[in-house]
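Chemist: Sequence:
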Amino acid sequence: MALDDSPPLYLQIATQMAGLIRNGSLGRGSRMPSVRALARQRGVAQSTVVQAYHWLEDARLITARPRSGYFVAARPATLPEPSVSRGLRRPREVSVDWLGQRILGTPHSADVVSFSSGTPG
Numbered sequence: 001m002a003l004d005d006s007p008p009l010y011l012q013i014a015t016q017m018a019g020l021i022r023n024g025s026l027g028r029g030s031r032m033p034s035v036r037a038l039a040r041q042r043g044v045a046q047s048t049v050v051q052a053y054h055w056l057e058d059a060r061l062i063t064a065r066p067r068s069g070y071f072v073a074a075r076p077a078t079l080p081e082p083s084v085s086r087g088l089r090r091p092r093e094v095s096v097d098w099l100g101q102r103i104l105g106t107p108h109s110a111d112v113v114s115f116s117s118g119t120p121g
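Numbering (my numbering), first residue to last: 1 to 121.
By construction, these hints were calculated from the structure, which means they are not laboratory data. All the pointers check out, no bait thrown in.
Computed beta-carbon distance windows for the label pairs: (1) R42 / S68: 13 to 23 Å; (2) D5 / P66: 36 to 46 Å; (3) R42 / F71: 17 to 27 Å; (4) R22 / A64: 12 to 22 Å; (5) L20 / S68: 17 to 27 Å; (6) R31 / D58: 12 to 22 Å; (7) A64 / R40: 15 to 25 Å; (8) G27 / R67: 17 to 27 Å; (9) G19 / V50: 17 to 27 Å; (10) R67 / A45: 21 to 31 Å.
This one's a predicted model, so the numbers in the text were calculated from it and none came from an experiment. Every residue, glycine too, gets a C-beta built ideally from N, C-alpha and C.
Working from the sequences, and respecting the hints, build out all of it.
Modeler: Structure representation (C-alpha cells):
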C-alpha cells in the first residue's frame, strides 16, 4: 500500500480558507462558514473543520466568538502560507536519563537527601 503524500484534510481546508482571507474574498470581521455547513460542503467530518479552524486561530487569521461562530480577524496576521511541516507537530524528544532523574528525584547536591527509595541513604 503506497503512502499518500498529500497534506492532511484539515490542512488543505486551512490553506484554502487562508487564501480566501489573504485575497480579500473573506473580509475582515466577516463570519466564517459554520463548522457544520463547511463539513457538509467539503464532505468531511466536523472535527476536520474544527482542526482547520484551530489552525487558522493559531495563525491569528480568525477568532472564535462563543455562541456566535468563527470570524476573520480584524487584523489578520501576515504569515507565510501554511505548509505540512508547520501544520504537523512532532513529539518532543526526552532523554531517558533526564526522565529517570525526574521520576526518581535523583539528588543533584550533597546536602539533599533522597527519600525516593523509602530508606535512609
